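Novice: Here's the letter readout for the chains.
2 protein chains.
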Amino acid sequence: MLDTPCATQIGEALEAAKSRKTVGEIYFVACGGSFALMLPNQYAVDRESKSIAGFAINAAEFTSRAPRRLGENSIVILCSHSGTTPETVEAARVARAKGALTIALTNVPGSPLDEAAEKTVFYSHAPLSMSADHSAAALYRLTFGILDVREGCSKAPALESALEGLPKLVEGIQASHADKIAAYAEAHKREPVIYTMASGANYGVAYSYAICIYQEMQWIHSAAIHSGEYFHGPFEITDFDVPFVFLMGLGNSRAMDARALAFASKYSKRLTVLDAAEFGLAELPEGLGEYIAPLVFSPLLRAYADKLADAKGHPLSVRRYMWKMDY
Amino acid sequence: MLDTPCATQIGEALEAAKSRKTVGEIYFVACGGSFALMLPNQYAVDRESKSIAGFAINAAEFTSRAPRRLGENSIVILCSHSGTTPETVEAARVARAKGALTIALTNVPGSPLDEAAEKTVFYSHAPLSMSADHSAAALYRLTFGILDVREGCSKAPALESALEGLPKLVEGIQASHADKIAAYAEAHKREPVIYTMASGANYGVAYSYAICIYQEMQWIHSAAIHSGEYFHGPFEITDFDVPFVFLMGLGNSRAMDARALAFASKYSKRLTVLDAAEFGLAELPEGLGEYIAPLVFSPLLRAYADKLADAKGHPLSVRRYMWKMDY
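Taken in sequence, the protein lines are chains A and B. Counted the way our numbering counts, the first sequence spans residues 801 to 1127. Counted the way our numbering counts, the second sequence spans residues 801 to 1127.
To be clear, the hints were calculated from the coordinates, so they are not data collected in a lab. Some hints here could point you the wrong way.
In this list, chains with the same sequence are indistinguishable; a pair is considered to hold if it fits within one copy or across any two.
[What the hints assert, rightly or not] With a cut-off of at most 30 Å between alpha-carbon atoms, the simulated BS3-like pairs for lysine-lysine come out as follows: (1) K1124 <-> K1069; (2) K980 <-> K968; (3) K1124 <-> K989; (4) K898 <-> K1124.
Nothing here was measured: the structure is a model prediction, and the numbers come from that model.
Sequences are here, hints too, so could you generate the full structure?
Specialist: Shown next as C-alpha cells:
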C-alpha cells in the first residue's frame, strides 16, 4: 500500500475485515456530500464482487429502513467530515450493536463518529485537490482492499499506484481548463436552474455538484440526472436556454453519457462538457480509468464552482440555514 | 392469491422462482417511471429479506455496470409499459443469457420485452386508479411472493387482502381532496420549479412525479429530494416562494419526513402536503400500511397532475421529443 498518513488506519480496517468469518454485504452509509462519495463504491462492489453485495444509502434512511441482513456478516462504512452528523453517528451505533464491523471516515479525531465506530480512517481535506488520502480516494482504498482480502481483487494494488500520480494530474487538468472555467462562470452567473448529468462511477460527483454546490452553496435550483434516465422523462425539459453540466465517463458507461450528450447538443445551447477521455487515464492498468475519473472530476468541478461563486459575488462559504440554527 | 386477471401469471412466475436452486439477489430493472416503480420493491427486500439482496437499477446502467453477481442465482424483474423500451429489452436478454430467471411486467402481450423474458405478467393500466393488477401492485405481489416462496414471508398473503380494498379507497381519498387539488392547480400554474420530497417506500413516487409529471409532461423544472438528504445540501434552496410537494409516509420513515416538513414549513409558504396518515392504512396487518401508501399516493398525485395540466392549458399527453424522433 502507498505509504500515506492514513495507510496504517486503512491497513488496520482491512485486517479487521479479513478476520471476519463471513462478509455478505457492505453498507456505505452517509448524508449529502459524504453520501455522494459512497455511490462509486457501491458501483465498484457491483462490478467487481462475486460474493459481497454493496448498498450505498443515506444514513437516516439506513436506520429507518433497518435492513434485515444487517448483522455480524456486514461491514458498514460511514463517513462524516466533522464526525458530528447525528444521523451517521446513530447509524454507526445501530450497526455496531447488531454486530457489524463499523469503519468510519472522518476529518476529526475524537469526534462522535470516530468514537462510535470500531475502526476509523482520518482523511485529509482540500477540495481543490486530490490525493490518496482524500476522502474519495481513501474510500476506494478501503472498498477495493476489502474485496482483495475477502476474495482477491487485482485492482486493489493497481489502485494504489494509480492514486500516486493524482495530485499532479489534477493540477495540470485544472490549469488547462482555466479559460473554459472563466467562460463558464460568466455564462452561468445569473442562471436560476442548472442540471448536472452523469452515469456509472461519476453519478455521485454529479449528485454532489447538484446538491452541495448548486443548491447548498449557490442557491441555484438543480438536480442530478442519470444519463440513462434522461430519455425517460427529464429530456423533455431540454431547451435552448436550459444549462447542463455533462460528465463524460470512461468504460462501459461512456456510451450512455454520449447518447444523452448527442441529444442535448441538438436542443440546448447551454452545455458545459467535462470529458474524462482528456484526463489521460486510458493507460491505467486493470481498467481502473473509469474509477479514477470521479477523483479528477471532483476537484476540477470545484475550480468551476470557485469561479462561479466569484462571478456571482456569492462565496461558497455562505449559508442561510446550515450550522446557523437547530434543525 | 386474489383472483385477478394477472394472478395466474404471477403464480407461474413464483413457481419458477420457487424451483430455482438458490436465489441470492433480485435485480429490479427498468427506466424512468417504470424504474420509479422498482424503488419500493428494493425497499421491501431490504427491510424483509434475510438472504436475498435487492437492487433497483436503471436498465442502461444495469447492462453497462454488468454486475458480477448476475447469474443463475439471480432473479431479474423488468418493467416497460409498451414492452419496447430498448434498454430494458436488452437488459432482459443479457440477464437471461447469464442464466438468471427473467420476469417481465408489461401492458403489451407479444411485445419485445414479453418475448425476451422467461415469464411475463401483463398488468392493467389506468393512472387515476389503483388495483391489485396495476403495475405497482403486481410488482409488490411478485416481490413479496418471491420472499414467501424462498424464505417464508407472512406479509405476502396479508398483501393480497390489503390490495382488495384499494380501488374504493383511492376513489374516496381523491374525492376528499377535490378542493385541495383545485387550489393546488391554480396556485402552481405559473411555477417554473417545483420540488417533491419523500423517503422510504414513497421515494419512488416522488421521483416519478418529479421526472415524469413535472419535467416530462409539464416542462417544469424539478427534482425529488430524499427527506433524509434535505438537511445536507438541498434545504439551502428553501425560500418563501419555493414550492415543495411533501409525501408524508408511515412506519419508521415518517420521522424523517416530519423533520423535513417542520423545517420547510418555517421558511417556505408554498408547501403541498399529502399525508398517508389520512389514508386509513394504520389498521392493516403486518405493518403493511407503509408499503401500501405509495399505491395511494400515485393515483392521488395523478389527480393533482390532471388539474394542474388543465390550469396550465398543457395536457399531460403533450411531448416535444418523446416518441417524435429517433434518440
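Novice: So, for every hint listed, does it hold in this structure?
Specialist: Quick rundown of the hints versus the structure:
1. K1124 <-> K1069: For K1124 and K1069, the Cα distance is within 30 Å only across copies (21 Å; inside one copy 38 Å).
2. K980 <-> K968: within (20 Å within a copy, 58 Å between copies)
3. K1124 <-> K989: So K1124 and K989 pass the 30 Å test inside one copy only (26 Å; across, 34 Å).
4. K898 <-> K1124: neither (34 Å within a copy, 53 Å between copies)
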